[in-house]
Amino acid sequence: MSREEILEGIKEILKTVNSIDKDKIDGITESTDFITDLSAPSTELINIIAKAENKFDVEFDDDDIDDMGSTVGETIDLVVKALAAQ
Amino acid sequence: MRKVAVVGMDGVFPTCNGLQEFSDKLFSNQSLIREWPEALKYEKQLRSKVSGFISLDECGLRQVDSSILEDYPEFYEDLQERIPKGFLSTSDLGAIWAMFSTLGALKMANWTTSEIKSERTGVVVGSAGAGHSIMRASWKNFFDLGKKSRALGTHNVDRTMVYRDAANIACLIQSKGVCEAIGSACATGLGNIGYAARLIAWGDQDRIICGGTEATSIETFIGFDAMQVLSSGFSPAESSRSFDKNRKGFVCSFGCGIVALEAYDLAKARGANILAVIDQYFNNGDGDGDMFAPSYDGQMRLLKGVIGSNKLPDVVKAHGTSTVTGDMVELTSIASFLKGHQFHISAPKSQFGHMLGAAGAVEFIAALLMLKEQKVSPCLNANELSEDLEQTQLSPNWRGPLIPAAQHRELIPTHTITKEINNIVCLNYGFGGTNSAISISKPY
Numbered sequence: 055m056s057r058e059e060i061l062e063g064i065k066e067i068l069k070t071v072n073s074i075d076k077d078k079i080d081g082i083t084e085s086t087d088f089i090t091d092l093s094a095p096s097t098e099l100i101n102i103i104a105k106a107e108n109k110f111d112v113e114f115d116d117d118d119i120d121d122m123g124s125t126v127g128e129t130i131d132l133v134v135k136a137l138a139a140q
Numbered sequence: 437m438r439k440v441a442v443v444g445m446d447g448v449f450p451t452c453n454g455l456q457e458f459s460d461k462l463f464s465n466q467s468l469i470r471e472w473p474e475a476l477k478y479e480k481q482l483r484s485k486v487s488g489f490i491s492l493d494e495c496g497l498r499q500v501d502s503s504i505l506e507d508y509p510e511f512y513e514d515l516q517e518r519i520p521k522g523f524l525s526t527s528d529l530g531a532i533w534a535m536f537s538t539l540g541a542l543k544m545a546n547w548t549t550s551e552i553k554s555e556r557t558g559v560v561v562g563s564a565g566a567g568h569s570i571m572r573a574s575w576k577n578f579f580d581l582g583k584k585s586r587a588l589g590t591h592n593v594d595r596t597m598v599y600r601d602a603a604n605i606a607c608l609i610q611s612k613g614v615c616e617a618i619g620s621a622c623a624t625g626l627g628n629i630g631y632a633a634r635l636i637a638w639g640d641q642d643r644i645i646c647g648g649t650e651a652t653s654i655e656t657f658i659g660f661d662a663m664q665v666l667s668s669g670f671s672p673a674e675s676s677r678s679f680d681k682n683r684k685g686f687v688c689s690f691g692c693g694i695v696a697l698e699a700y701d702l703a704k705a706r707g708a709n710i711l712a713v714i715d716q717y718f719n720n721g722d723g724d725g726d727m728f729a730p731s732y733d734g735q736m737r738l739l740k741g742v743i744g745s746n747k748l749p750d751v752v753k754a755h756g757t758s759t760v761t762g763d764m765v766e767l768t769s770i771a772s773f774l775k776g777h778q779f780h781i782s783a784p785k786s787q788f789g790h791m792l793g794a795a796g797a798v799e800f801i802a803a804l805l806m807l808k809e810q811k812v813s814p815c816l817n818a819n820e821l822s823e824d825l826e827q828t829q830l831s832p833n834w835r836g837p838l839i840p841a842a843q844h845r846e847l848i849p850t851h852t853i854t855k856e857i858n859n860i861v862c863l864n865y866g867f868g869g870t871n872s873a874i875s876i877s878k879p880y
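Residue numbers (the working numbering), protein chains in the order written: chain A, 55 to 140; chain B, 437 to 880.
These are computed hints drawn from the structure, not numbers from a lab. All figures in this text were calculated on a predicted structure; none of them were measured in a lab. Check before you lean on any hint, since a few could be wrong.
Derived pair list, reagent style DSS-like, types lysine-lysine, alpha-carbon separation capped at 30 Å [claimed, not checked]:
| no. | chain 1 | residue 1 | chain 2 | residue 2 |
| --- | --- | --- | --- | --- |
| 1 | A | Lys135 | B | Lys521 |
| 2 | B | Lys584 | A | Lys76 |
| 3 | B | Lys461 | B | Lys681 |
| 4 | B | Lys811 | A | Lys69 |
| 5 | B | Lys855 | B | Lys576 |
| 6 | B | Lys583 | A | Lys109 |
| 7 | A | Lys78 | B | Lys576 |
| 8 | B | Lys740 | B | Lys543 |
| 9 | B | Lys811 | A | Lys76 |
| 10 | B | Lys461 | A | Lys65 |
| 11 | A | Lys69 | B | Lys681 |
| 12 | A | Lys69 | B | Lys439 |
| 13 | A | Lys109 | B | Lys811 |
| 14 | B | Lys811 | A | Lys65 |
| 15 | B | Lys461 | A | Lys109 |
| 16 | B | Lys461 | A | Lys69 |
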């Protein structure tokens with residue numbers, strides 16, 4: 055799965071997150087920050103992560119989640135790593 | 437001590453589209469109790485099948501299921517867009533109702549934005565139960581289906597914590613004062629209003645949004661059904677029959693009541709529409725070591741505390757659950773304390789059932805409507821009062837007078853009556869022997 059395909063999948067996830075402004079979703083890139091650019095509460099990140107695990111049918115390592123930042127690209131990194139580990 | 441005014445009210449009520457319909461139905465002797473399809477689904481697992489419930493459709497909500505978890509309501513979509521979306525993720529059904537009702541009460545109170553967002557404005561709202569529907573789904577997915585904790589998401593705590601209702605309201609309106617929930621079982625609704633009135637009377641706050649909410653929840657219902665304390669064997673409208681000889685228990689119901697309280701002098705100075713003045717709040721405990729049975733002595737002390745040297749009430753809004761023991765203890769304590777005084781008893785639970793943590797607040801709103809309309813809402817179905825001493829009165833533990841219920845017939849109207857009402861006393865009790873009472877009077 056390409057990074058572009060994962061990005062599109064994350065956009066689909068974000069459409070189901072109440073605290074994110076839906077008008078901003080189409081324009082997101084890998085450098086988009088969930089907290090500073092999309093105004094998501096920091097507590098919402100784990101919801102996005104859990105939905106990403108489900109959508110891409112992967113399981114993230116707990117330590118990787120702890121070390122993750124808050125950009126879309128870092129979420130894509132997690133997915134890529136988890137897919138490679140399968 | 438400062439006087440306290442009630443300047444706003446609203447709620448979510450079974451079978452009613454708003455406060456006006458609730459008022460219309462109360463005073464036209466209607467029952468808000470129906471067969472509950474959710475209870476019917478469980479057939480023989482449940483004894484009671486009736487409730488004063490409110491469906492998602494009826495309150496303009498739609499359940500949005502989680503894409504990760506089984507049977508988990510990720511949030512409830514507000515189809516009328518009354519609440520910003522973010523708050524729909526942090527609330528359970530009861531908290532959403534509390535937010536709806538807060539917006540209605542604030543509109544009536546007509547507080548300015550700066551007054552609402554003040555350090556002098558607080559929120560005191562509670563529920564008797566937890567966010568049971570959310571907990572049930574979360575625990576099933578974690579314990580039974582082996583899901584990781586993170587799959588539950590970050591809103592499991594805020595949607596189930598004890599003071600989720602107050603927290604969501606305070607975040608919604610951005611008040612900067614007290615934000616708390618008082619828990620006292622079935623006295624919760626009145627207890628929150630009473631505590632809020634004290635905070636204003638003591639000078640700690642100027643304005644408070646307060647009350648109680650109890651979300652429609654089969655998980656809540658089954659606990660009471662298990663205790664065999666719910667009414668059965670009657671048609672839905674006849675199931676709740678406070679003080680009637682043939683009463684068989686209460687009807688487990690759901691709803692929300694929120695009122696806006698304000699320091700009387702401030703309300704008067706700004707020309708507010710004052711709905712009522714709170715003359716006294718008093719609460720106590722039975723002190724008899726009994727978790728469940730009400731106490732005649734405890735209720736006599738309660739009446740003394742709330743009425744004291746104040747004017748005697750024209751109406752007593754009773755707890756009136758329709759349980760065998762509860763109603764007899766309450767009827768005899770009220771009748772004894774007010775012996776020789778002309779008044780009437782109103783039992784709103786006879787019309788909409790027992791809303792648990794919301795009961796005291798919704799019934800307080802019923803009392804406000806009685807003051808406004810100058811009408812006493814009825815003790816529906818109290819058609820036959822016992823001519824003989826009831827079994828409860830023959831118990832060796834009975835502490836009240838040995839007078840049959842029928843001798844109090846003139847106190848218990850089965851239909852709405854119109855009369856001059858200047859003062860009302862509201863009574864509610866809860867498991868653990870907790871008792872709460874508020875006296876209110878017409879504004880002047």
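To see whether the hints hold, each was checked on the structure:
Restraint check: the Cα-Cα separation between Lys135(A) and Lys521(B) comes to about 33 Å, which exceeds 30 Å; the hinted pair is violated. Only pairs whose Cα atoms come within 30 Å are accepted, and Lys584(B) paired with Lys76(A) is accepted, the gap being roughly 28 Å. Under the criterion of a C-alpha separation no larger than 30 Å, the hint pairing Lys461(B) with Lys681(B) is consistent with the structure, at around 25 Å. A C-alpha spacing of about 51 Å is found between Lys811(B) and Lys69(A), which places the hinted pair above 30 Å, so the restraint is violated.
Among the hinted pairs, Lys855(B) with Lys576(B) is inconsistent with the structure: their alpha-carbon atoms are about 54 Å apart, more than 30 Å. Distance check on the hinted pair: Lys583(B) and Lys109(A) sit about 15 Å apart at the alpha-carbon level, within 30 Å; holds. A distance of roughly 35 Å separates the Cα atoms of Lys78(A) and Lys576(B); the hinted pair therefore is violated under the 30 Å criterion. A C-alpha spacing of about 36 Å is found between Lys740(B) and Lys543(B), which places the hinted pair above 30 Å, so the restraint is violated.
A C-alpha spacing of about 50 Å is found between Lys811(B) and Lys76(A), which places the hinted pair above 30 Å, so the restraint is violated. This hinted pair does not check out: Lys461(B) and Lys65(A) have alpha carbons roughly 48 Å apart, beyond 30 Å. About 57 Å separates the Cα atoms of Lys69(A) and Lys681(B), which puts this hinted pair outside 30 Å; it is violated. Between Lys69(A) and Lys439(B), the direct Cα distance comes to roughly 50 Å. Violation of the 30 Å bound is thereby established for this hinted pair.
Taking the CA atoms of Lys109(A) and Lys811(B), the gap is about 59 Å. The hint is violated against a cut of 30 Å. Taking the CA atoms of Lys811(B) and Lys65(A), the gap is about 57 Å. The hint is violated against a cut of 30 Å. Annotation: proposed proximity of Lys461(B) to Lys109(A) is violated, straight-line Cα distance about 49 Å (limit 30 Å). Between Lys461(B) and Lys69(A) the CA atoms are separated by roughly 42 Å; this puts the pair beyond 30 Å, and the hint is violated.
Against the hints set out earlier in the document, violations occur for numbers 1, 4, 5, 7, 8, 9, 10, 11, 12, 13, 14, 15, 16.
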